[in-house]
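Top line first, the protein sequences correspond to chains A and B. For the record, in the first sequence the residue sitting at position 81 is 81 according to this note's numbering, with numbers rising by one throughout. For the record, in the second sequence the residue sitting at position 377 is 377 according to this note's numbering, with numbers rising by one throughout.
Among the clues, some could well be false.
Each computed DSS-like pair below joins lysine-lysine, with the alpha-carbon atoms no more than 27 Å apart [claimed, not checked]:
#1 Lys-118(A) / Lys-399(B)
#2 Lys-84(B) / Lys-62(B)
#3 Lys-118(A) / Lys-20(B)
#4 Lys-162(B) / Lys-238(B)
#5 Lys-164(B) / Lys-84(B)
#6 Lys-35(B) / Lys-84(B)
Far from chain A, by Cβ distances over 12 Å, these chain B residues were calculated [unchecked claim]:
#7 Val-18
#8 Arg-54
#9 Met-405
The calculated label-pair distances, taken between Cβ atoms and stated as ranges, are [unchecked claim]:
#10 His-321(B) / Lys-79(A): 51 to 59 Å
#11 Gly-230(B) / Pro-120(A): 22 to 30 Å
#12 Met-229(B) / Thr-36(A): 16 to 24 Å
Derived from the structure by calculation, the hints contain no laboratory data. Here a beta-carbon is modelled for each residue, glycine too, at the ideal position from N, C-alpha and C.
Here is how the chains run, residue by residue.
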Amino acid sequence: MTDSFYGEVLADHNLHPLHRHDMPCATHVCKGLNPTCGDDIELHLDIHDGIITDGSFTGIGCAISQASADIMLELIIGKTPEQAKYYTALFRRMISGEITEDELEELEEAGALQNVSKMPARVKCALLSWNTMEKLLDGGDS
Amino acid sequence: MMMNKALLSKSNFPVFDVYKDLVYLDNSATQQKPKSVVDAVNTYYYEQNANPLRGLYDLSVKATDAYEDSREKVRGFIGAKSVKEIIFTRNASESLNLVAYSWGRANIITGDEILVAVSEHHSDLLPWQLLAKEKGAKLNYLECDEFGEYTIDAFRAALTPKTKLFAIAQISNVFGRVNPIKEFAQICHENGTIIVCDGAQSVPHIPVDVQSLDVDFLAFSGHKMLAPMGIGVLYGRKELLEKMPPFLSGGEMIEYVTREGATYAELPHKFEAGTVNVGGAVGLAAAIDYINELGFDAIEQRENELTELAFNEMKKIPHIHIIGADNAADHHGILTFTIDGVHPHDIAAIFDADNVAIRAGHHCAQPLHQHLGVQSTTRMSLAFYNDEQDIERFIATLKTIRRRMGYDG
C-alpha cells in the first residue's frame, strides 16, 4: 500500500476503527453535524469520577472525519475532561498550522492529520469530532 | 443544419491554455467559456457601454440594441412566440423565484397543492416550499423509481384537482435523464395546472422548443451553456406574464410614477428592475451563436459518444454503482455514482490530486438523496469540448481509488 492517499495511519483508522460502535448506556451523548456535506456523527462518552473511562462514535463521514474521531477517542480515553479540552485546543492549532514540534508530539497519532492544515476544504471534516466533544463537555445534548 | 466541427475542440477555450493538464468534468455546475463569448463581452464594454433603455444619445441606443438583439436571439433559440416572453434574470434560481414570488403569491391560496419532482435541485424546490408554507398550501412530491424515471401513470396519480402548479426539471442534474415534459404539460393543462420547467441542464445540451413542449414557464442559466455567470432567462407564456405583478421594483420597470402609485412598463421590462446586465446578455447571445454554429446534432452526438465511453468503462470496475438509468443513452453527459466504502469527499480529493475536477456531495438535491437512500454521491458531468483523453484520465483515477484508500482490491 505504498500509494495510500492519506497515509497508513489515517487509512488504518478509517478502515479498522477501534471506537466505531454504539454505546447505548453511555453517560454522555452528543451529535455533530457538518452541514456543508451532510455528514453527521454521534459521540458517546462514559465519564465517571472526573475521568473519561470509555468512548465511541457512530455516523457517516469521509475518511478524514472518521479517522479523526477514532484517533481522538484513542487519545482522550483515560483522561480528564480538562485534558480532553486541552488536546482539542492543541488539535485546532495544528489544523491552523500554528503548532510547535513538542506540542505535535503530545497529540500522538493525531499528528497524522497535520497535513489537513494544507487542505482548507477538509478542515471541517477533521474538526467534526473534536468540536462535537467540546460541545459535549460543555454540556451540549446529553 | 449547420455544423462546424472545429468548434468541438478545447482549443476554443482559453482556460485550457492556462491549465493544460486539467480534466474538467464539472460541466453541470458551470461550463468553461469559449474565446468568442469572452470577446463579445469585452467588445460590448469597450465599444458599446452605456446605460440602456433610457439614454437619448447614440451610445445608449447601441447598448439598448445590443441588449434587445440578445433577447431576440434567445427567443429564436428556444422557439418562443414573442420577445415579450423572454425575461433576463441573473440565473435559473432567480427565474424560478420570480415565478414563485410573482405568479405564486398572486395565485396560490390556502388548501391548494403544489407538486414538485423529488429529484429537483434545491433552486426548484425551496421557492415552492416557502410559497406553500406562506400560503398554507400543500407541497407534494412526485416520486421517481430507482432508475430516476417518472412515469405518466405515477404523474396522473400524484395530480389532484387542487394541484395548481407542477415543477420539474427537463433533465435532472443527478440522473441526466430527459423527463417527458411535453406529455406532462398536456396532462397539466387538462387539469388546469401550471407547469414550470427547469431547463438549466437541458437547454445547453438538447434542442428545447417552448411551443412544442407547451410549458408555461422555462428557466435556465447562461453560465451552464458557455455564457458568463450572472445572466439567466425566464420564459413565460405571455398571457400569464401580463397578469402577474412585478417581482422586483425600481428603475426601468415603470411607465409612470406618482407619489401614490405607479403604472408598470410593458413586458418584458416589467420584470427587469434596475440597470440590466447587458454584457451578460451579449455574452449569452454569443454563446447561442457558438451553439447554433456547432449545431445540436454535433453536440448531442459528441456528448453521447463520450458518455457511452465513460459509462461502459465504469461498468467494468468493481465496487462502482452508477445512479439512475442502466444505459448510457439516458445519462446525457451526467454520471453520478458511489464507490463501496469510500466517501465522496475522499473520492473528490483523490480526483483533485490527479487534476480531475468532479463534484461530490448532494448536488443541491438532498430530498433525492434521501429518496435513494444514499448520503451523498460523486458526479462527473461532461460537455462537447471534453475528449477521449479526459475520459481515459477519469477512468484511470477511478480505478485506483479503493486501493489508495487502503482496500486490497
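Tested hints:
Restraint check for Lys-118(A) and Lys-399(B): the C-alpha separation of about 26 Å stays at or below 27 Å, so the hint holds. For the hint linking Lys-84(B) to Lys-62(B), the alpha-carbon distance of about 20 Å falls within 27 Å, and the restraint holds. For the given pair, Lys-118(A) sits about 24 Å from Lys-20(B) by alpha-carbon distance, which is consistent with the 27 Å threshold. Simply put, Lys-162(B) and Lys-238(B) have alpha-carbon atoms about 24 Å apart, close enough for the 27 Å limit, and the pair holds.
At roughly 24 Å between alpha-carbon atoms, Lys-164(B) and Lys-84(B) fall within 27 Å of each other, so this suggested pair holds. Taking the CA atoms of Lys-35(B) and Lys-84(B), the gap is about 30 Å. The hint is violated against a cut of 27 Å. Remark: the non-interface label on Val-18(B) is consistent with the geometry, its nearest Cβ contact in chain A lying 21 Å away (cut-off 12 Å). For Arg-54(B), the condition that its CB be more than 12 Å from all CB atoms of chain A holds, with the nearest at approximately 43 Å.
For Met-405(B), the condition that its CB be more than 12 Å from all CB atoms of chain A is violated, with the nearest at approximately 6 Å. Against the hinted window of 51 to 59 Å, the Cβ-Cβ separation of His-321(B) and Lys-79(A) comes to about 41 Å, which falls outside the hint. Checked against the hint of 22 to 30 Å, the pair Gly-230(B) and Pro-120(A) passes, with Cβ atoms roughly 26 Å apart. Range check, Met-229(B) to Thr-36(A): Cβ separation about 21 Å, and the 16 to 24 Å hint holds.
Consistency with the previously given hints fails for numbers 6, 9 and 10, ordered from lowest to highest.
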